[in-house]
Each structure stands twice: as C-alpha cells, then as structure tokens.
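Chemist: This is what each chain is made of:
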Amino acid sequence: MSTAPFSRNGTPPETFVLNLGPQHPATHGVLRVKLTMDGEYVMRAEPVCGYVHRMHEKMGENRTWAQFLPNTSRIDYLSAMNYTHAFVGAVERGAGIAVPPRAEYLRVITSELNRISSHLVWFGAFLLDLGGFTPLLYAFDDREQILDLLEGVCGARLTYCYYRFGGLCNDVDDNFIEGTRAFVRRMQPRFKLYHQLVTENIILRKRLEGVGPITAEQCRKYGASGPVCRGSGIPYDLRRAEPYSIYPELDFDIPVFSEGDCLARYLVRMEEMRQSLRLIEQALNRLPDGPVVAEKVPRTIKMAPGDYCFAVEAARGRFAVRVVSDGTDTPYRVKLRTPSFSNLSLFEETSAGMMLPDALALMGSLDLVIPDIDR
Amino acid sequence: MNADLAALAERCAVLFPEGVQLIDYAKRGFHLDLKVDPSQVVEAARLFEGEGFAIDTLTGVDWIKEEQFEVVYDYYHPRHAWRVAVRTRIPRDNPTLPTISPVFPGANWHEREARDFFGIHFAGHPNMEPLLLPEDADYHPLRKDFAA
Amino acid sequence: MSLPEPFRLLAFLVGLMGFVALNAAYLVWVERKTAGRIQRRPGPTEVGWAGLLQPVADGLKLLSKQFIVPPGADALLFRLAPLLVIAPGLMGLALMPFGESLLALDVNLGLLMVFAFGSINVLALMVGGWASRNKYAIISAARVVSQDIAYEIPMLLAALTLMMVAGTLNLSEIVALQEGPFWRWNLFRLDLNPLMPLTFLIFYTCMLAETNRAPFDMAEAESELVAGAFTEYAGMGFGVFFMAEYANIVLGCSLMTVLFLGGWQSPFGAYSGVWWFLLKLYFLVFSVIWVRWTFPRTQFYNLLNLSWEILIPFSLFTLILTAAMMKVM
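Protein chains in written order, with this note's numbering: chain A, -14 to 360; chain B, 47 to 194; chain C, 895 to 1223.
Pulled out of the complex, with its shape left as it was, chain A reads as follows (with noise of 0.2 Å):
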C-alpha cells in the first residue's frame, strides 16, 4: 500500500479520518494521532504533538545552571535519573568539575535502578495495550521496590533531582544498599516468570513477531535510536559508543536483535533489564568510598564561552544536552535532544499501510513518553 500524499485537503474518497485523539487509553499522555483510515487499514498517521509542552529550553535561558536541575528530571518523568545525568555532565565538561568516584558508582546503579523501573512501566503498558490487562500489576509489584529504594535515597519516587555539578546530593546510606542487592536478587527469577508467561504466549507471538518492521535505514535516516534501533540490528548503545561515568570499567552487553519487528524490541528491552541488574551488582561490589561530592564546585557556575555536548543512554535511547554558555551564570542557550521526539518522527512512514491494533502495537513498541516528545 502507497502512502498517501502530504496534502492536507482532498483526502482520496473512501477513507475517514479517526482522531486517536489527546484523550485516549492506547497513547500514553497526551498525543493526537490522525489517522487517514480506509476501513481497518492505516492510510497515513499523522502524528500532532504539542499538547503537553511546557517550553523548558527557554526555561534553561531564564534559570541559573543549578536551577534548571529539577527540570531535567520532568522531561522524561520515567527515566529522570538518566536526564539529570546528561544535563550535569554537560555543565561538568564545560566548567572542568571533575567528579569524586564514589559519586560515580552510585549515579551508575541509581541510573540502572531508573532504567529497570522505566522499562517495566513499559512492558506494562504496552501489554496492557495488547488487551492483557494483568502483567501490568505484577511489573508494577517489582517497580515498587525500586521507586521505595531512590525515595529512600532522594526523597522522590518519580521526578527526583539526586544529582548535582560535581557529584551527589547525598550519600546514601547502608539500607540502600542492602535493599538494592536483595532487589537484584529478588528481581532474577522474575525475568523467568516473565518469560514463562507473556513472552511465551501464543497470542502475544502472534501480534508481535512480524508486525511493525523498521529498517536499520530508518532508523538512521530518523535518527532513532534506543531500543528502537538496536531491535533493527544497529548496535549503537551509548553506554559504549560514547562512554561516559565508569562505564567503561564494568562488564555488560548489548541485545541487539536484527529482525526489526516488536517482538525484537520487546526482546531487547528485557534483556536490557536483565543487563541492568548485571551493572548494579558488578557497581555495588566495586562501590569505594569517598567523597560523594567534588572539593571545589564553585556556586555559581561559570564557563567558559562556547557549546558543550554530552548524550547518555536513557531508557527510551539517545538523550543529547547541547549547552551554549556566554560566560554568564546562566545559560544563553539549552538545546534538548530527546529519543521519543525521533523515534516517533519514523512512525507516519513505518504506519503506513498497516491495520489499526498492529499500528498501535508499533506505537507502544515505540516506548513513547509524551512531554519527553514535547518538553
């Protein structure tokens, strides 16, 4: 099937537009999605963005470095450790803070912890769009642990602001880390179970395996990245392409599946979870101790004129913080690249031609997280 023509009047006779509109249970936030449909089939999907944006780059020219910090973390709600980190990497590169090593062990295992509760609100959802209302409930049991141990340590159990410029806020102290290991240990035998009884399931197989092919020159040409690619065959993880932290130092790998349907995103996905759990044990055995903040972090932030860079690996893929300082205290321009804005560009070519539930099982495949595209 053709995709139809970008032309916004004269639709060709026979289809209706549905509105998959800002309300709606299968688009996770507020997205509208317009869809040109000729019976059950997609014609073109027309993705309207916007609903939720709340403007936070030129937030970022209005605040002090140390005041666009809680910002971060409401970006991407589900993944605001990884957030926080890329934006006060950004500013620790520009201004030479160099971080004490403690500090970093720790943002290793609580950006880990961020990423393992990201992805299961993830498998529940997209399992609750595919009609299985119950695995929900269960990735929720284990994401309570999780969001009880970071709110031990930061007091916030979704938006928390832990990191700052040079290191850590606070330590954390011995309940942290006795609760994370019984975590992990707790959450291995999860990912069986898991398996047994949704990966396993004929119906799921069904929807996923074949649906929503995307093609590693997609992905390139969109520029997603994440899960997305790497269900495509590209393995380009930002925890080893550009290594930041002590990532360097500890031992993971990288699922990559090559077929680009759902099911291999799925797949990724879950094994990543698994890997994460596999960094925060390897984190908390090398865990030294020190310091959790650098010495001599200056209050006011000054850095030299010019653009720094720095790009983590968020739950959803590439988070990229561009900074342009004019050797102010505050920043003359903050340029927020998020994965979910790319990796819903793919989806009105990749949609097109396809029926309604594989759309939305693509959609949900895509891991989106609405103010993430928005900001």
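Hints are supplied without guarantee of correctness; some may be wrong.
[Claimed, not checked] With the C-beta cut set under 10 Å, the calculated list includes, among others, these residues of chain B facing chain A:
(1) 95
(2) 98
(3) 149
(4) 159
(5) 166
(6) 169
(7) 190
[Stated by the list, open to error] Every beta carbon over 12 Å from chain A, so not counted as near; a handful from chain B, in silico:
(8) 60
(9) 61
(10) 113
Derived from the structure by calculation, the hints contain no laboratory data.
Ideal Cβ positions, reconstructed from N, Cα and C, are used throughout, including at glycine.
Once you have looked at the hints, place chains B and C on chain A.
Modeler: Just chains B and C now, kept in the frame of chain A:
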C-alpha cells in the same frame, strides 16, 4: 578510530576547505566541527549521509547582539560513534535555509521545531505547520527579544 | 407446580429476570475479585464486607447518571439497542432446564430457538454501534458483525454434532439422556464421538467469541477503540449492555452445561437437582473469567482466521466422524 576520524576530516575538507576543525571530545563532547555557508547545508547533509551518519538534531541559537541566527546541525555515526556539528549563520531579519528533509526525513520535524521557536524558514519543506506550538501561533519563543 | 399455566409462566419469567439481574450484579463482583486476586491485589473491599455491596453502589451510580443521546444520533435506534441486547439473554434462559421440573418453556425445538435468539445479540450491538454516530463505535460494530458471524458457524456445527448424538433438539430430553454417573455425560461419551472433548473446546471458544469476551473482545478493545460499540452510552444504557454481557455468559455456560456436562444430573447418579446445574454453570463462568484476565487480545485477522481456517474444518470433521460412527455402530 583517530586515524579514521582524521580521514573523515580530510574528506570534508575537500568539499569545505575552510571551517573543518577536529575537536577534543573530552572537552566539548563532539569530534568534528564544520562551518559552512547557508547555501551549503544540503551538500554537507549529503556528505554525511553518504558516510553513514544519522541525524541527531538541528537547532538554532539566537545571537541577538550580532543580529544573526546560528543553526547547528548535529550528526552522529551509529557504527563508529562519531559526532559532527555543522554550523551556519543566517541574518536575523531574513532567516531562510534550504531544507535537508529530502536527505534525512527525520529532519522534517526538527526543522518544523526550529521554525516554531525561531522563525527560520526552510525553503522546500513540505509542511511548515507548527509542530509544538498551537496552530495559530505567530510568535517565536526562543528569540531573545521575545517577551512572554 | 400446581399453578395454572399463565401464572406458572409469569412466575418463571419474573424469577428469571431476577436471576439475570442478580447474576449481572454479582458476577461483576466475582469478576473484580478474581481479577484482583490474579493480579495480586485484593479487589473491592470497601463497600460492605469483602466488597459485597459494591454492585449495589455501582448500580446506584449508573442509575443516577443522565442517559445522554448524542446529537445527530438516531434517537430511536440508540434507545432501542440496550433493550435488544438484553432480550436474547432472557429469552434463551427461559428455555434452559435448570432442574427436573424447573423449566419455563418446554419446547421441542429448544436448541434451535436458543441459537435463533442468540443471533439477535449481533444485531443489537450493530444497531447500538451504528446509531451512536461515532467512528469508534462504527468500527467496533463492523468488527462485531464479522466476528460473530464467523464464530456462529463452528458453534452450530458443534451443536449439530450434539444433536446427532442425542437425536433430539429438546433440551430437557438431552439432559435426561445423560442420566447416570458422570461417564454418561456427553463430554465423556467417546463411544459416540471420539473427538467429543475437541467439540467441547470448539464450542467453548466459540462461546467466548460470541459473547465478546477476552481474548476475543475486539469489539470493545479498550485500548484501541475506547469502549467500542458502547462508547456513547452513559448511565443505565451502559449498565444494560454490561448486564447483557453477563447474561450472555450465563446463557452460553448454561448451554454448555446442558449439552456437555449433564445439566442438573449429579455425577454420582443420585441426588440430582438444580444445585448441580448451578455448580457446573458457575465453574464454567469462573473459567471464562479466568481466561479473560490471563491472555492478551488476539489480532483481528488472526481471530477470523482461527474460525474460518481452523475451527470450521475441525468441527466439520468431528461432525462427519460422528455421523460415520453412528452409521457403523
């Protein structure tokens, strides 16, 4: 990797004799910086597309004191993990650039966003409707002279 | 019963309506509690002991909401659809032999009438979806029609196999023929039809599809079509659709109990009665609820393919096999 990066820089220097600069990644966060004319952005995009790069983002910076917009195109390579920034400067009172969406379809949305925030017009873009701002928005928030 | 005929029928009909209403109310409670326990949470516990008054609270809530007819919708059809959808449930249950003499209408064509009434269900959902003037409802109505038509055929073929085995369409006679210990139940009569368990499974699957229960709930696929054919219904209009869904489940499970599991016959040959019927009925209903909360939704074309490409050939095969066995033996 450094040898290949130097080779890439040389290939860029063939098309863009001035303005190619190798950057220290640890200090700035990207590997190669390229300064081009506004009319050369499509050529630069084609060059990097041919080398296997992917579009990361494109954004603008409002240098109001110099009365110019700086548009920065970021590309990254999925296999070699290189990052390239291509910069160009356009006058503030008549900001137009050719579109690179035929080369990188992903740039379609980035260019719409740049138009929303700065008012930069991308010639040849199929659909310049606002993406993030409301449909009837006629203001450009990221300009430095924008008062809410 | 010694009441004269019209009063007996009236008493039965009132009793049936009460049965349907009680089932609709408390099967919801069972479903929510079961869903809760499967999902490792308690389910409703606030209203009344163990949440037993929750259906009362929900009923009051639905009754107090305004029944809104959307502008531009066909007002007559919109209001008619809920009535059409609850009618077949009541009519079918009037034909079911609950006990030896607990039967509202003893008709020689009982089985045929149940299926005839059951088809009205499809019509009702289609009317409701079309009259809502809502694109989601229209898509859902189209899906309901194709799904129900596809699944009626194997269901009828399986019922035909049963009819050949029993030799009669009269439901109380079918139950009477299964008198005796449990190996006399039709499900275990492998001498008459060696593939009887398969026929049972086919019938069960078709029953799930006809009542639009997960994993075949494409018509009201919440995450795709918001609420499908019921999107525009508010208040008691939605309540009636909901009741009708449970009435249909009870009807389908009672039909399976009568046809395959011996109706009101006891498994030990003695102490038969309505309690055995209810026990088997609710066991099947519980399994329907269990299946709903375990599996994700099938793909629509897979659903139709399952019927046209797998269930119909299998049920045809069992029918021919039964016919052959009856000819030979």
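Chemist: Any hints this thing doesn't respect? Which numbers, in order?
Modeler: 5, 6
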